[in-house]
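Student: Chains as they are written, first to last, in this note's numbering: chain A, 1 to 326; chain B, 1001 to 1360; chain C, 2001 to 2368.
If you are wondering where the hints come from, they were derived from the structure by calculation, not from laboratory data.
Each residue gets a CB set at the ideal place from its N, CA and C atoms; glycine is no exception.
Some hints here could point you the wrong way.
To be verified - Derived DEER-like restraints, expressed as beta-carbon distance ranges:
#1 A:L301 with B:I1197: 28 to 34 Å
#2 A:P22 with B:T1325: 39 to 45 Å
#3 B:R1269 with A:P22: 39 to 45 Å
#4 C:V2008 with B:G1010: 52 to 58 Å
#5 C:L2227 with A:A179: 35 to 41 Å
#6 A:E305 with C:M2169: 54 to 60 Å
#7 B:E1154 with C:V2092: 35 to 41 Å
#8 A:E305 with B:R1269: 56 to 62 Å
#9 A:L304 with B:Q1348: 36 to 42 Å
Unchecked claim - Partial list, derived from the structure: chain C residues whose beta carbon lies under 10 Å from chain A:
#10 P2115
#11 G2135
#12 P2136
#13 R2147
#14 A2148
#15 R2149
#16 P2157
#17 R2163
#18 M2165
#19 M2169
#20 T2274
#21 L2280
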Amino acid sequence: MAEVTLVEAINRAMARAMAEDPNVLVLGEDVGRDGGVFRATDGLLARFGAERVLDTPLAEAMIAGVSIGMAAQGLRPVAEIQFMGFAYATIDQMLNHAARLRTRTRGRLTCPMVLRTPCGGGIHAPEHHSESGEACFTNIPGLRVVIPSSPQRGYGLLLAAIRDPDPVLFLEPTRLYRAFREPLEDDGAALPLDRCFVLREGADITLVGWGAIIQDMLAAAEALQVDGFTAEVIDVATLAPLDAETVLASVAKTGRCVICHEAPLTGGFGAEIAARLAGEGLFSLLAPVERVTGWDTVMPLPRLEAHYIPGKDRILAAARRALQHG
Amino acid sequence: MAPSQTAPFGIPCVQYLDVDGRPLGPLPDFASDPDALRALYRGMLRTRAFDAKAVTLQRTGRLGTFASSLGQEAVAVGAAAAMQPDDVLAPSFREQGAQLWRGVTPVELLLYWAGDERGSDFSGPREDFPICVPVASHAPHAAGVALALKLRREARAVLCVLGDGATSKGDFYEALNLAGVWRLPLVVLINNNQWAISVPRAAQSAAETLAQKAIAAGIRGEQVDGNDVIAVRECVAQALTRARAGKGPTLIEALTYRLGDHTTADDARRYRDDAEVSARWPAEPVVRMRAYLTARNLWSHADEEQALEVAAAEMDQAADVCLATPPQPLSSIFDYLFAALPAPLAAQRAAALAQEASDG
Amino acid sequence: MTAEPARVFNLPDLGEGLREAEIVAWHVTEGDHVVEGQPLVSVETDKALVEIPSPRAGRVAKMLVPTHARLAVGAPLLAFTEGTEADAGAVVGELPATAARALPAAAASKTRAAPAVRALARDRGVDLSIVAGTGPAGAITRADVERARGAAAPGEPLRGVRRAMAERMSQAGAAVVPATVTEEADISAWDAAQQPMVRLVRALTAACTAEPALNAGFDAAGPRRTLNERMQLGIAVDTPDGLIVPVLRDADRLGADALGRALAALTDAALARTLAPAALRGATITLSNFGAIGGRFASLVVVPPQVAILGAGRAHEQVVRVADGFAAHRMLPLSLTFDHRAVTGGEATRFLMAVKAALERPAVADRL
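Isolated chain A (complex conformation) (with noise of 0.2 Å):
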């Protein structure tokens, strides 16, 4: 079996999709010809030919708008925004748009669209291009927000997207894109949406978070069983909707919470989360949650980028201090 990077089976996914449906196409700046800055869509042109692989010019709202239309005539696009520092430049379209077209059309035009963008630091990359915005769309009724942690879900998660007859978001974490390899079969098989992933299951703490935070969460929980303390690590994958029963079985396990994201502290994603265990799983917390996460500032640039980005030991000091509650 391969073993692929997470841009690689992202290119599987795409390629299997296109494959299946001829509806299926790919449409961005710089992805047809070049592959894709970060070769995303590598190959794609070659294979499906110009019709299917479609180079744009420089335009943002107009790539979304332009899929929604397309979407709304049946097709199946798969819009790539170069970066997510790019994306915001269409939210008016997803959000007033993409996501509505159907409800409010009462099911007579859908939207079967997928936008994809690399978000996250850590590439050590100019300014603009390490925004982690996820809670400008997770807000956004109608609109899935997908982020996978892995290569394995990264393949399968993105071909739900693409096969899921609603908008999806979905956000690549560029520091993941080559950072590791794992075994894939490139066999077509989709991961769910709307559901949380216990990628390590443990009695004494839950680690929840998403995108390339998850494997500074993986490391703090090995080293967390070294002090004898097993930690619950769940993946979240689908932002919104959120299974926050996932969340809450976990924590009623555990009585300890902490959320880890890259993304601002104040009305960051986590915040949902914390206030999810606050309203429905409240008797079950030893602890105050915590939460992990990049500070209310603007991302630093390269140079100061690693103290802000989350990674283990800030992890492992709030998981610590959870722990001192019993």
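Guided by the hints, dock chains B and C onto chain A, whose structure is given.
Tutor: Okay, now just chains B and C, sitting in the frame of chain A:
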């Protein structure tokens, strides 16, 4: 060395009837069919009757905010009459004349403005886009539909209608640019009524015409007298024909005037003179077409009376149906959000329905 | 909207001696603001259908005649409002005015206790206000609640190292088929400076060479047995938190001096809780010097995938038979528990005899 001219341009302006309804020259071929002309005129009367009814309902608290198209009936009706049934319309929020022509029912339109989503579930033109409120944001959608038609090699085209204010927006430029460079079967019709709420055309853009924004996109641009329904019908028809034949997109600027307020919640007297509006009434499209038809003995006052009564009766009945339609169940706000309600939302739906039941 | 008495517009003279007309269609409605010249209504006379334009700009207050009704020239047709109007201040929708609502006062709480602790206290009928908290910042813990309740509640939930031990031993007990063989080594020849642990590790090294079957990994699923080349020696360390078993890497390659230092470092790290996670993994055989505390012989626990554990009891003086009578010799009890699924009694006994032989030498052989 004196600079050479690389891209000189001119914008043609098409008009067939003068303000008094007299032909300025030979009329297009379709105009030799009196039934076609009467159909256009009836379409405009029907539109005006719809607007009047909707405004009355709003004033009596039975409809929400409504945007009348008073004075702009020729743009909508002429354009829709130029479309084939299987073309696709992407309107803004002031093209009810086009929607009604294409088979959207008055009940559906009233339901929409009354605040019921079922009004956008058109029984007639199933692929037409619903009313678009965020200005110009439907232009990329129209381009996307056009792209789909082109990829599937269908001999169909898309008509996107938007206002003068919309031409200032990024979405407008981005859609035009894409349509030009990808040669999409798209016609963009600017319903230029000279006002974007309180901002007059002169304050909206320094461009001498809005049609010339086509030049920047590398596509054909022309103006038409928007109050001359024959001219609108002909211009749009030619543009759609070109689009369907793969000859690329067109930007058409229809020059008209907004005789009413921006919406029923607006009071235009705050920013424009009544005298200016008074001066525009003689050029309005309905009286112009009536003048042409009556001058050719194609329309009698009995025809007029009957048409007014038929239109009024149709709109009265539509209003009755709309008002008698009970609101949707609350579950509908959940049930159409996704193809299948995601599990995480099931509890919310149940809570909402329980709340509704206890609210009584 | 405030309005003074309306100004009424009467049906104007339509000319040609016409005295009355029928309303065919109104073109405006109440509330519309109209401009001069704007068609208000279409009326029909005997002769024609006529549009009546508005005489002035203004807001329609009321259409005074219904459709299809007839009225005479000069009769009231439509009423305009007059006077200033309030600004509705909106372009879409209607803005309601709402009264401010008072916010409820926040309740004060002095007892620090997490929600799960409060739930437990409720469950147990414990009044938190009289419980002393031993958690951070004086917070009340579950243990505090249980203590306050008295002796009734037995025990406490296991956490951390104790919990790990409970789980590990349960798994071992469910799988392993243990058997134990014992011996005693005569360590009278040792000089005072000998470190027992160093001698034991070196003895194990010698025994693994003599009988590799005890330094193996066993996988019941195969079943498969893997003979390990090197000896990754688990060292049982008793800490205040419980039993920790860090692994001495490649213990068979370490000379006496290196062994001494490595064992000290490992023990210190275990007690200080600074071990890395990897330090607990991968033991191929384990040594428990429980004799440092006390005890003689023991049946110990083999933790899969290992197949053996050697236990050393407390050294003691014993009278033994010597050539010309009896003498007091220093004896070190040895217990070897092995997994009989993978190891034979013969292998185990030979291994143990090799350990005994190595220990009975006066000094450790430093040859690796």
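Student: Take the hints in turn and mark each one as holding or not.
Tutor: Do the hints match the structure? See the list:
1. A:L301 with B:I1197: 28 to 34 Å: Because 42 Å falls outside the window, the suggested range is violated.
2. A:P22 with B:T1325: 39 to 45 Å: holds (41 Å)
3. B:R1269 with A:P22: 39 to 45 Å: Distance hint for R1269 of chain B, P22 of chain A is violated at roughly 57 Å.
4. C:V2008 with B:G1010: 52 to 58 Å: Holds, since V2008 of chain C and G1010 of chain B (Cβ atoms, about 53 Å apart) stay within the stated range.
5. C:L2227 with A:A179: 35 to 41 Å: holds (37 Å)
6. A:E305 with C:M2169: 54 to 60 Å: violated (46 Å)
7. B:E1154 with C:V2092: 35 to 41 Å: holds (37 Å)
8. A:E305 with B:R1269: 56 to 62 Å: holds (57 Å)
9. A:L304 with B:Q1348: 36 to 42 Å: Given a distance of about 41 Å, which is inside 36 to 42 Å, the answer is holds.
10. P2115: holds (4 Å)
11. G2135: It holds, given that the least Cβ distance between G2135 of chain C and chain A is near 6 Å, below 10 Å.
12. P2136: Holds, because the Cβ-Cβ distance from P2136 of chain C to chain A comes to roughly 5 Å (cut-off 10 Å).
13. R2147: violated (13 Å)
14. A2148: Interface hint status for A2148 of chain C: violated (15 Å vs cutoff 10 Å).
15. R2149: violated (16 Å)
16. P2157: With Cβ-Cβ at 9 Å, under 10 Å, it holds.
17. R2163: holds (7 Å)
18. M2165: holds (9 Å)
19. M2169: Violated, because the Cβ-Cβ distance from M2169 of chain C to chain A comes to roughly 14 Å (cut-off 10 Å).
20. T2274: Holds: closest Cβ of chain A sits about 9 Å from T2274 of chain C, inside 10 Å.
21. L2280: With a minimum Cβ separation of about 7 Å from chain A (threshold 10 Å), the hint on L2280 of chain C holds.
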